[in-house]
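J.: Now for the letters of each chain:
Protein chains: 2
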Amino acid sequence: MQASPHRRLLYKLIALILFVPASAPADEGMWLFNDLPKAYLKKKYGFEAADKWADHLMKASVRLNVGGSGSFVSSTGLVLTNHHVGSDTIQKLSTSENNYYRDGFLARTPSEELKAPDLELNQLVPIEDVTQRVQAVVKPGMTAEKANAARRAVIAEIEKESLDATKLRSNVVTLYGGARYHLYRYRQYTDVRLVWAPEKDIAFFGGDPDNFEYPRYDLDVCLFRVYEDDKPAKVEHFLRWSAAGAEDGELVFVSGNPGRTSRIYTLAAMKHLRDVRVPFTLDLLRRKEILLQQYGTEGTEQARQATDELFDVQNARKAYTGMLAGLQDLDVITQKAEEEKTLKAKAQADPKLLDNLTAWDQVAAAQETRASIQKQRLPFGTRLFDIAQTLVQMAAEDQKPNAERLAEYRESNRSSLEQELFSTAPIYPELEQFELADDLSLLAERRGGDESLVRLVLAGKSPRDRANEIVRGTKLADVQVRRRLAKGGQKAIEDSDDPMIRLARTVDAEARRLRKISEEQIEETERQAYQKIAEVIFAIKGTSTYPDATFTLRLSFGVVKGYQENGRQVPPWTTLGGAFRHAAAHGNKEPWKLPASWHKHKDDLDLETPFNFVCTADIIGGNSGSPVVNRAGEFVGIIFDGNIQSLTADYAYSEVQARAVAVHSSAIREAMRKIYGAGKLADELGK
Amino acid sequence: MQASPHRRLLYKLIALILFVPASAPADEGMWLFNDLPKAYLKKKYGFEAADKWADHLMKASVRLNVGGSGSFVSSTGLVLTNHHVGSDTIQKLSTSENNYYRDGFLARTPSEELKAPDLELNQLVPIEDVTQRVQAVVKPGMTAEKANAARRAVIAEIEKESLDATKLRSNVVTLYGGARYHLYRYRQYTDVRLVWAPEKDIAFFGGDPDNFEYPRYDLDVCLFRVYEDDKPAKVEHFLRWSAAGAEDGELVFVSGNPGRTSRIYTLAAMKHLRDVRVPFTLDLLRRKEILLQQYGTEGTEQARQATDELFDVQNARKAYTGMLAGLQDLDVITQKAEEEKTLKAKAQADPKLLDNLTAWDQVAAAQETRASIQKQRLPFGTRLFDIAQTLVQMAAEDQKPNAERLAEYRESNRSSLEQELFSTAPIYPELEQFELADDLSLLAERRGGDESLVRLVLAGKSPRDRANEIVRGTKLADVQVRRRLAKGGQKAIEDSDDPMIRLARTVDAEARRLRKISEEQIEETERQAYQKIAEVIFAIKGTSTYPDATFTLRLSFGVVKGYQENGRQVPPWTTLGGAFRHAAAHGNKEPWKLPASWHKHKDDLDLETPFNFVCTADIIGGNSGSPVVNRAGEFVGIIFDGNIQSLTADYAYSEVQARAVAVHSSAIREAMRKIYGAGKLADELGK
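Note that the protein sequences, when read in sequence, are chains A and B. Going by my numbering, 218 is the number at position 218 of the first sequence; the sequence numbering is gapless. With positions in the second sequence counted from 1, the corresponding number in my numbering is that position plus 687.
Chain A with its partners taken away, still in its complex shape (with noise of 0.2 Å):
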């Protein structure tokens, strides 16, 4: 489906790869629930993570499907994320006449609460871990594509008899890049409403140019809630609300789902970064960033409808450029190389890891294919585009017996799959046609304009008119058009004469050879690396690190503290009253106007309250939304950023200037009262 708008620290942000960093010094770590580093809590901080505590927080944890955490915040049902983890469905809920997304949003009563079109709430519960029945499957001598196959064989099998065992959702996940393979199951929720939300101008208060910046002054949080059979879902495991939040210096913990890191990465696998592919997607977002305010430009309403997506891109942008810098300073290199060298140097002496010595070439041959296909991708992305291409590849795809399916159409992910493919969320015509004619312009330069497979999508127009043609001829926009062609399978695709339906059957084999490879020969070759070089750091650090993030629930845990910058003490607490004061300071002008509501009720306030703090946590994209408690379990606050120096998390932890910003609790609760009128929501909070 369409490739989810990036942002912050939604997951799809930093959409790199892979894990393990070998050693796990300071309060490093983005740990597995069923491996947390208790003997290091208990000596550092004499703090026991007991099973009862790590459980709880776990199942009061909840990943959403848009790419970002959050929390159940009370025992009716209410979730807390960040406002721009629910600005997708804020915005899909909003309409040029209710923009809530601007204007914010509440639900007096439970019967005035939003239904969200296709919001998806996962809650795990423990994890198995499979890797021996895994790694059974892959013999010895098999080629890449046998050895890919078997694996995804007895995968979807493992899924599938979990499915059928559990009805839960499950889906085997790959650690340490290949090295261990754990089954999570998850409760799924998937009738979402939106209860509360504030105006975009305070939940996104100073925008771009403040974003990855602090001090900030957000109120980037939102509640829904969560319904079963129609009524709001009684809930068991919810964090109680502290009462003054967390202290300086106090230790916290991240309960959250952070997206990918690549602090295993090898130094081809960084270099190949440096220099082809975060350039590469620079590049791509810098031109989706122009569009996206060209659209804008062209009134109002287009400007609401190109908003969420283009601060998503912005985000992506800067998070970026941040990444690159880091990648671009020597000393990063420096530090990669020589622990490469100690990796390789362990392997050279051990007969037993010998062999392991070829996983750096291999990742290094990887980069190459990787690099070399890179012009090729396919550039579409838009909504409709993504529902033909998945109504087109279901059919196909449904022919097949479940283990052999691409992953996303195996039937223990066709329940998230239809939720997503079915959704009334709105679709703008002319954004389509926009960015649609975007993406053929794209395909065309990065093929070149002779190429066959870009003259036939284009049939000898240009760009813009084909577009147009397409997105004014495709019925896809119509929910009961996609069901209709899903139900009828192969033969209804084969017989539509849908523009877009056939502009996906265009594309389908090239994309299908690419994707092949990509799996084939770039994952997996990379996987069977990894596996080596994760074998090489347990045999140095034993298995007490933690893996790569998978954008699957992790622990991180760290202090709340301020930093030094340009010889300056950056204080780990903003206030309420700052946020006037840094109004104030840029001239009350966007993007740092406060909502009419901020100062009506200015004199309410009490503005010495708390807002925003940092804390040394361990976090990236995919964390945006994680409830931050304390040693109790209680909820102190909820991460939404990091600051700039955490950008390149990515690849490397540092606590001398790295912090995850979040939101505090106090202030969550101060805003709904004084402010919102929300009073009776917010006595709801935490019980």
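Some clues are possibly wrong.
[Said to hold, decoys possible] In silico DSSO-like pairs for lysine-lysine, Cα to Cα no more than 30 Å straight-line:
#, chain 1, residue 1, chain 2, residue 2
1, A, 589, B, 826
2, A, 146, A, 516
3, A, 375, B, 958
4, A, 600, B, 1276
5, B, 1031, A, 602
6, A, 271, B, 1062
7, A, 561, B, 1148
8, A, 461, B, 1248
9, A, 589, B, 1276
10, A, 593, B, 1287
11, B, 1062, A, 375
12, B, 1148, A, 336
13, B, 1287, A, 461
14, B, 1148, A, 344
15, B, 1028, A, 341
16, B, 1148, A, 271
17, B, 1062, A, 336
18, A, 589, B, 1062
19, A, 44, A, 336
20, B, 1031, A, 461
21, A, 593, B, 1276
22, B, 1276, A, 461
23, A, 146, A, 400
24, A, 593, B, 1248
25, A, 600, B, 1280
26, B, 826, B, 1033
27, B, 1287, A, 589
28, A, 52, A, 341
Hint data in this document are derived by calculation from the structure and do not stem from the laboratory.
Starting from the known structure of chain A, arrange chain B on it as the hints suggest.
T.: For chain B alone, coordinates are given in the frame of chain A:
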């Protein structure tokens, strides 16, 4: 020196190379003043283009070194050009306290006129054909390198002789891609003062969204005055002011300096543009656009510093986007392929032209070479770097005989070079750092972080830290330091430890290597090939055609005429009243916010006064500021833009929808008198 900003019809906007259409149907053509299409004008319009008429118009026209055109409009030295041509100077004369760029400027007496720091105006005096002398030095069998050196030497000799004999700036211009060489002599005006400019909000009303669109409502004009011996110059050739402007359907002429067209391009060259060069350029422009936007978010003063360059970049991005869309249209490519077939058939059939058949392969080979060095291009373009590079190269070039120097360091160009090098225009260190950091990052992205030059340049630091170190350390912002270094010659450069000079020295060998490849392998090959292709064209069409634009003076013509668009008739005129309606239709919001002065004086205005108008004349970037005159040679308007349909003018003229957009003479006088209190100045116009 600094790559001058790109802007609308400024010359450098579409800095792509070359020439000649097969035939000249309709009102196509950018004609040489010494080879006007007299017969066509006589036949179609009954107009006699008398030598005296043409000579007067030629001498009333000026070229500006910032990349635009203008005209003398009074005997007292007043020069009218576009605000967006003058904006470079207006911006340099502005400070955060006196923001003439934003607020406008009026000198009530000559003593209040503000001297431009580095503006140069060139007035063309008659042209001399030196083709035989130039072509005679290239002997059959010479290598490209030898041929280039011999040609460069004879051109330098011709220019030097002319300079010594006439004291006039003398440049040999390559026409028809190498089939003709003309000696152009210019009277130089270097004491140019700002007299009047309106506010940016009306000069560029509608901003980026309205740019290249029509209908328009822009007062895109400003007035300078040339001085001699510290007194307003007495000018013999200036344009009379038309009382009423031109009527619908009336024949008009445009006298200006179109920058570059590519109408002679072969199919291979056009495909290179489509698949390689334009996409590459667009990525760069988007990158610059985002960078300048980001800088502007840091504060009001930063936004002011970046604004003019930002508009230029946005303009270029929009222009190239339109150009690419045209190139991706199959019809355009098909038409070129057919033209090429005709030319090749002619060469095939004529024994005298048989050798010329190799030309097409030569051009194709040159494109391959061009593509191969594209990623190696050095991205440095900040003002301080340009100064450093000029100093470093000038010291080295001055040790060579004049004829062997790089073109810009020859004696015939020295005064213009020094005008820029020693300009007192403000330099903004923070912006310089910001831009240099991005240039350094781009260097590493293009060449890979491990490349030796990249390592040398970054010196172990991140691009940002390195840029800060260099910009903080350099003294080149001080004009006296530049003068001392220039005077000190090679030894001073070698001894200098100024970090920007050292950077320029570090990259100099590579810069020269790439330039040598460009000049000797690519451009020389193209020159020889296009000369052959031009011979084939001459054999078919005779010489009654025009060469591709070369940023030298040309005459275009056409009629005032509306057009059909999306089934609507677009009228040729807008009115002053229309500007108020257009603003209201956009909620009077940026960039459709009329200046306060316009609202204040609305009631004084004759709202029916024509404001902007379109005509079919064949123009392109560089024509910005060109006077539009009627048969009597009277000023009826000033070109400032082309509509979106004209963006393909680089490679094809069309009169179906493509239009040149001009400010009407009546609007200029009306606004000066009724809004700007510049009645006295308005009375001076045309007298």
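J.: Against each hint, give a clear statement of whether it holds in the structure.
T.: For each hint, the structure was consulted:
The suggested pairing of residue 589 of chain A with residue 826 of chain B is violated, with an alpha-carbon distance near 68 Å, which exceeds 30 Å. Under the criterion of a C-alpha separation no larger than 30 Å, the hint pairing residue 146 of chain A with residue 516 of chain A is consistent with the structure, at around 12 Å. Of the supplied pair hints, the one linking residue 375 of chain A and residue 958 of chain B holds, its CA atoms being roughly 17 Å apart against a limit of 30 Å. Under the criterion of a C-alpha separation no larger than 30 Å, the hint pairing residue 600 of chain A with residue 1276 of chain B is consistent with the structure, at around 25 Å.
For a cut-off of 30 Å, the pair hint linking residue 1031 of chain B to residue 602 of chain A is broken: about 79 Å separates their Cα positions. Annotation: proposed proximity of residue 271 of chain A to residue 1062 of chain B holds, straight-line Cα distance about 17 Å (limit 30 Å). Of the pairs offered as hints, the one joining residue 561 of chain A and residue 1148 of chain B holds, with about 28 Å between alpha carbons and a cut-off of 30 Å not exceeded. Between residue 461 of chain A and residue 1248 of chain B the alpha-carbon distance is near 28 Å, which keeps this suggested pair within the 30 Å criterion.
The suggested pairing of residue 589 of chain A with residue 1276 of chain B holds, with an alpha-carbon distance near 14 Å, which does not exceed 30 Å. Taking the CA atoms of residue 593 of chain A and residue 1287 of chain B, the gap is about 29 Å. The hint holds against a cut of 30 Å. Taking the CA atoms of residue 1062 of chain B and residue 375 of chain A, the gap is about 15 Å. The hint holds against a cut of 30 Å. Of the pairs offered as hints, the one joining residue 1148 of chain B and residue 336 of chain A holds, with about 16 Å between alpha carbons and a cut-off of 30 Å not exceeded.
At roughly 49 Å between alpha-carbon atoms, residue 1287 of chain B and residue 461 of chain A are farther apart than 30 Å, so this suggested pair is violated. A hinted pair counts as satisfied when its Cα atoms are at most 30 Å apart, and residue 1148 of chain B with residue 344 of chain A qualifies at roughly 27 Å. The straight-line distance between the Cα atoms of residue 1028 of chain B and residue 341 of chain A is roughly 61 Å, outside the 30 Å bound, and the hint therefore fails. Pair hint residue 1148 of chain B plus residue 271 of chain A holds up; C-alpha atoms about 16 Å apart against a cutoff of 30 Å.
Proposed proximity of residue 1062 of chain B and residue 336 of chain A is supported: the alpha carbons are some 27 Å apart, at most 30 Å. Of the supplied pair hints, the one linking residue 589 of chain A and residue 1062 of chain B is violated, its CA atoms being roughly 41 Å apart against a limit of 30 Å. This hinted pair checks out: residue 44 of chain A and residue 336 of chain A have alpha carbons roughly 27 Å apart, not beyond 30 Å. Restraint check for residue 1031 of chain B and residue 461 of chain A: the C-alpha separation of about 27 Å stays at or below 30 Å, so the hint holds.
This hinted pair checks out: residue 593 of chain A and residue 1276 of chain B have alpha carbons roughly 17 Å apart, not beyond 30 Å. With a C-alpha separation of about 36 Å, the suggested pair residue 1276 of chain B and residue 461 of chain A falls outside the 30 Å cut-off, and the hint is violated. A distance of roughly 17 Å separates the Cα atoms of residue 146 of chain A and residue 400 of chain A; the hinted pair therefore holds under the 30 Å criterion. Of the supplied pair hints, the one linking residue 593 of chain A and residue 1248 of chain B is violated, its CA atoms being roughly 46 Å apart against a limit of 30 Å.
Using a Cα cut-off of 30 Å, the hinted pair residue 600 of chain A and residue 1280 of chain B holds, with the two alpha carbons roughly 29 Å apart. Using a Cα cut-off of 30 Å, the hinted pair residue 826 of chain B and residue 1033 of chain B holds, with the two alpha carbons roughly 26 Å apart. Distance restraint check for residue 1287 of chain B and residue 589 of chain A: the Cα-Cα separation of roughly 25 Å lies within the 30 Å cut-off, and the hinted pair is therefore satisfied. Between residue 52 of chain A and residue 341 of chain A the CA atoms are separated by roughly 41 Å; this puts the pair beyond 30 Å, and the hint is violated.
Checked against the numbered hints given earlier, this structure breaks hints 1, 5, 13, 15, 18, 22, 24, 28; the rest are met.
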